[in-house]
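Chemist: Each chain, letter by letter, is given below.
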Amino acid sequence: MAIERHEQNKVFSKVVEANGFVFTSGITANDNSLDVLGQTKQTLDEIDRLLALCGTDKSKVISSMIWVTDIRHRDAMNEAWFEWTGGQNMPVRACVEAALADPKLLVEIQVTAAK
Amino acid sequence: MAIERHEQNKVFSKVVEANGFVFTSGITANDNSLDVLGQTKQTLDEIDRLLALCGTDKSKVISSMIWVTDIRHRDAMNEAWFEWTGGQNMPVRACVEAALADPKLLVEIQVTAAK
Amino acid sequence: MAIERHEQNKVFSKVVEANGFVFTSGITANDNSLDVLGQTKQTLDEIDRLLALCGTDKSKVISSMIWVTDIRHRDAMNEAWFEWTGGQNMPVRACVEAALADPKLLVEIQVTAAK
Chain E
4 MAIERHEQNK VFSKVVEANG FVFTSGITAN DNSLDVLGQT KQTLDEIDRL
54 LALCGTDKSK VISSMIWVTD IRHRDAMNEA WFEWTGGQNM PVRACVEAAL
104 ADPKLLVEIQ VTAAK
Chain W
4 MAIERHEQNK VFSKVVEANG FVFTSGITAN DNSLDVLGQT KQTLDEIDRL
54 LALCGTDKSK VISSMIWVTD IRHRDAMNEA WFEWTGGQNM PVRACVEAAL
104 ADPKLLVEIQ VTAAK
Chain A
4 MAIERHEQNK VFSKVVEANG FVFTSGITAN DNSLDVLGQT KQTLDEIDRL
54 LALCGTDKSK VISSMIWVTD IRHRDAMNEA WFEWTGGQNM PVRACVEAAL
104 ADPKLLVEIQ VTAAK
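Residue numbers (my numbering), protein chains in the order written: chain E, 4 to 118; chain W, 4 to 118; chain A, 4 to 118.
Because the hints were derived from the structure by calculation, they are not lab data. Please note: incorrect hints may appear among the correct ones.
The list treats identical chains as one, so a pair stands whether inside a single copy or across any two.
Cut-off 25 Å, straight-line C-alpha distance, at most; resulting in silico cross-link-like pairs (DSS-like, lysine-lysine) [as the list claims (entries may be wrong)]: (1) K17 - K61; (2) K118 - K63; (3) K63 - K13; (4) K107 - K44; (5) K118 - K107; (6) K61 - K44; (7) K17 - K63.
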């Protein structure tokens, strides 16, 4: 099985392709001064960019994992989620609370897509 | 790669098929008044139903992810897990503590299966 | 799809192969008296062993999930991570905080690899 790795740094690759599947790292906002809605939008924009890099897009996302640092932020996060998905081609999803790498980060999202 | 999505709502699909793999969402009990044993049983029943919808079953589960809201509930959750798996065709598993969408939910389980 | 399960116990298989992918369970250190650096090294050694069991190795890891019981332990965990990966063939990664099965466990790691 061929593996294609994109945007590797010292810690991870941002996105990896293998056998028709596209896996992203857990993605967070670049600007952690934003509120949870803003951070989620920025995170999903970055996921769009990573999927495009692999020749796929959000219509082919299979599964998603969302961590929020405060589960009460789920509604605000969902606002951006609803806008992003548009209610179509919904992946499976799990969303749980967890502390993230930087205390200012409020949301982290990882997706697996098909090509 | 063809993607087949089942029981989509505004937030997620309950189960998605792609390339011979079947992915469920993080599943929780319908009746959150149950104790952790009861919630786990109800969750695993729902997973059985979702796998059947895709023409597969628990004997073909590859991996599992379990979140419990209190890690001390692991033993009670495992009681239902042992009964469900019967000690056969064991998937890989990770089980960690996390706060879930509703404070009354005590356990959430996500599985990936083969068809 | 053929599924090959290795080192099954009552709770899980330590590693499962399906369709060219290799999935490990969430792996933890055998010696939970070690500090986070020591536990991470021991965990990654065990992952090496499990991957070898399936005829693959760390150069083919696609994705990784890391849980630390205290997110401030991330730097110490990363020391072992940097040594293990050597900055090459980086998988995608997510790393969040979560309480683990035993309060003495400080880190748990799960990987998916290609064969």
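Chemist: Going through the numbered hints above, which ones does this structure break? Give me the numbers in ascending order.
Modeler: 5
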